[in-house]
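Below are the chains, spelled out letter by letter.
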Amino acid sequence: MAQLSYRDAVAYGIAQEMRRDPNLVFLGEDVAAAGGVFKTTVGLLDEFGPDRVRDTPISEQAILGAAAGAAMTGIPVIAEIMFSDFLAVCFDLVANEIAKLRYMTDGQVSVPMVIRTANGAGSRFGAQHSQSVENWCMMIPGLKVVAPSNPADVVGLLAASIRDPDPVVFFEHKSLMATKADIPDGELVDRLGEARVVRAGTDVTIAALALMVPRALDAAEQLAEQGISAEVIDLRTLVPLDTRTILGSVEKTGRLVTVEENPRLCGWGAEIASLVAQEAFWSLDGPIVRITTPHIPLPAAGVLEDGTLPSVARIVDTIRTEWA
Amino acid sequence: MSISADPTRYDYASRPVRGPRPQGDPGLDCTDETRLSLYTRLQELRQVEKRAYDLFLQNLVKGTSHLSLGMEAVSAGFGEAMRHDDYVFATYRGHAHTLSKGASMEGVLAELLGRENGLMGGKGGSMHLSDVDRGMMGSYAIIGSHLTLANGTAWSSQLRGSGQVTVCFFGDGTTNIGAFHEALNLAAIWDLPVVFVCENNLYMEYTPIDYITAVDHPAADRASAYGLEPILIDGNDVDVVYDTARYVIERARSGGGPALVEAMTYRSGGHSRADPGKYRPADEVQAWADYDPIIVYHQRLLERGFGEDTLTQITNSVADRVDQATEAAKAGSDPSLDVIFTELWADGGSEWRN
Chain H
1 MAQLSYRDAV AYGIAQEMRR DPNLVFLGED VAAAGGVFKT TVGLLDEFGP DRVRDTPISE
61 QAILGAAAGA AMTGIPVIAE IMFSDFLAVC FDLVANEIAK LRYMTDGQVS VPMVIRTANG
121 AGSRFGAQHS QSVENWCMMI PGLKVVAPSN PADVVGLLAA SIRDPDPVVF FEHKSLMATK
181 ADIPDGELVD RLGEARVVRA GTDVTIAALA LMVPRALDAA EQLAEQGISA EVIDLRTLVP
241 LDTRTILGSV EKTGRLVTVE ENPRLCGWGA EIASLVAQEA FWSLDGPIVR ITTPHIPLPA
301 AGVLEDGTLP SVARIVDTIR TEWA
Chain F
1001 MSISADPTRY DYASRPVRGP RPQGDPGLDC TDETRLSLYT RLQELRQVEK RAYDLFLQNL
1061 VKGTSHLSLG MEAVSAGFGE AMRHDDYVFA TYRGHAHTLS KGASMEGVLA ELLGRENGLM
1121 GGKGGSMHLS DVDRGMMGSY AIIGSHLTLA NGTAWSSQLR GSGQVTVCFF GDGTTNIGAF
1181 HEALNLAAIW DLPVVFVCEN NLYMEYTPID YITAVDHPAA DRASAYGLEP ILIDGNDVDV
1241 VYDTARYVIE RARSGGGPAL VEAMTYRSGG HSRADPGKYR PADEVQAWAD YDPIIVYHQR
1301 LLERGFGEDT LTQITNSVAD RVDQATEAAK AGSDPSLDVI FTELWADGGS EWRN
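Residue numbers (the working numbering), protein chains in the order written: chain H, 1 to 324; chain F, 1001 to 1354.
Excised from the complex, chain H in its bound form (with noise of 0.2 Å):
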């Protein structure tokens, strides 16, 4: 058992999957000898040297060009697009190739590549470099979608990404990078698609992701004192969705919250609550909540960028409202 930060279970997860798999090869800016912008790759390069480990230039779409043309041979890649929002620069690589290529050959190719790449809020990084753009991956078919809300998590969930046979996009969050968990001994190889229920309740479901899951906790807890009795669910996952597990907590709880970071329109939470409302409506005892970062681009300043962010205090109030 060791303790480990989100932050360093990167390059944990990494490293077990390099160990394992000599074929596997990680590429991206300043990953190599820099250890990554967020130090999330640190060691990498010493470890399995330049071949397996390379920089590259600021150059999105061949990063992910490269990464994908190995990956059609078989060769398994993890490419880092250091920013998410970053994503935009290659989206063509990410919406039009990656997603694309196993279907447009009708199965002549597998695409086992993930791509990693720092999401989210909380640094005051301004509009362009804390954006929660998860919901513009999940929109696609063809690409898998996981974002951890814990270092456990990050080990875990990784190892099961690099061994998916299909394109898989990584969302590291920024503000979860210092957070610490113990991390059992051995292998760590989670799976993609299950759901976790973080918190068991009877009243109402909060539906979270990554930053999002420690704030619904801890407003569930300030819930409970209130009367309130959430259920949290850390999605972990948005494709592959478990809605056996979102439908099963609204069957009991009777209410739906979902917390999301990405902008409102189209967010991951509308699909959800579509599902819900139209597999679970006889489950409902009332109206279906999004609480969702508002529909704007997001400001610098601590206290604009704060204020933008569904916050612990938000949930709460939000939830409260709607049972008053």
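Since the hints were derived computationally from the structure, they do not count as laboratory data.
There may be inaccurate statements among the hints.
Under 8 Å between C-beta atoms, here's a sample of chain H residues computed to sit facing chain F [said to hold, decoys possible]:
#1 61
#2 67
#3 241
All C-beta atoms in this analysis are idealised placements derived from N, C-alpha and C, irrespective of residue type, glycine included.
Given the coordinates of chain H, assemble chain F onto it according to the supplied hints.
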């Protein structure tokens, strides 16, 4: 600065500094067997493309299509020079490159017809032909990205020490998009075994390339930006293409790194099915028609002592095979609706929820 009016104006031989083509007559260092193979390829690509065009006119091929008529020498020459396990990437104008890497005529034509016996069972269509078992890694219909994918297969070859070379074809219009430059730079700094082949047919879709490009030769004039030599060749002379292809492919195979080749050529038709190509001056069209790759090579082979009857026999034999492939393609069924939901994921399915 029109560069397009006269195909013979490109005096490649007197400018050896612009390319590594071996000195002397093109195609001199070539067996008779190879010469006939090159001629056969030209005929195959020409006749399949003509058949594809006929099938459009019969309204049997839906959607769009982009033909390589007039440009066959590039894919024929490179196809001849490639090893079976080398990789190829092409654009939406990829029928010829797919065939030249060894895909079956039936598979190509059936895919155009949307039949289950098509290369991708109807899922790909004209713009997305692939035959991965033969190293044909796909045809990509959004300009630029496939150059970056080509780096990836080349990187894989380099990592595995397999000696495979990747050849990536694209048009002149591709040289003005960012991915072109990102791909060239990465290929150069990593010394990847990849050959980028610009088929400069003088038009970016409907617009003359020199009207929208800062340099005369959109690929060759930019090669030096990536530490590569400018290689400008006659893309309608299959001997020249083959010589160049052998040189750059074998150099890449032996660790010499990437190459960027600009092959001057011309499409006899419009950009796509929807385009009659009226924006091109008649004298220009005629000049290039007179310099058609099959006319050029046919004459070359006669001069080298091959009999007209030998060449006619090849032409007729290819025609028979194209007829047979057409019938076989037409005989294919429509795809089953079940395949709509297959092969999104590696498990064969398309489920997004549990």
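So which hints don't hold here, by number, going up?
The structure breaks none of the hints.
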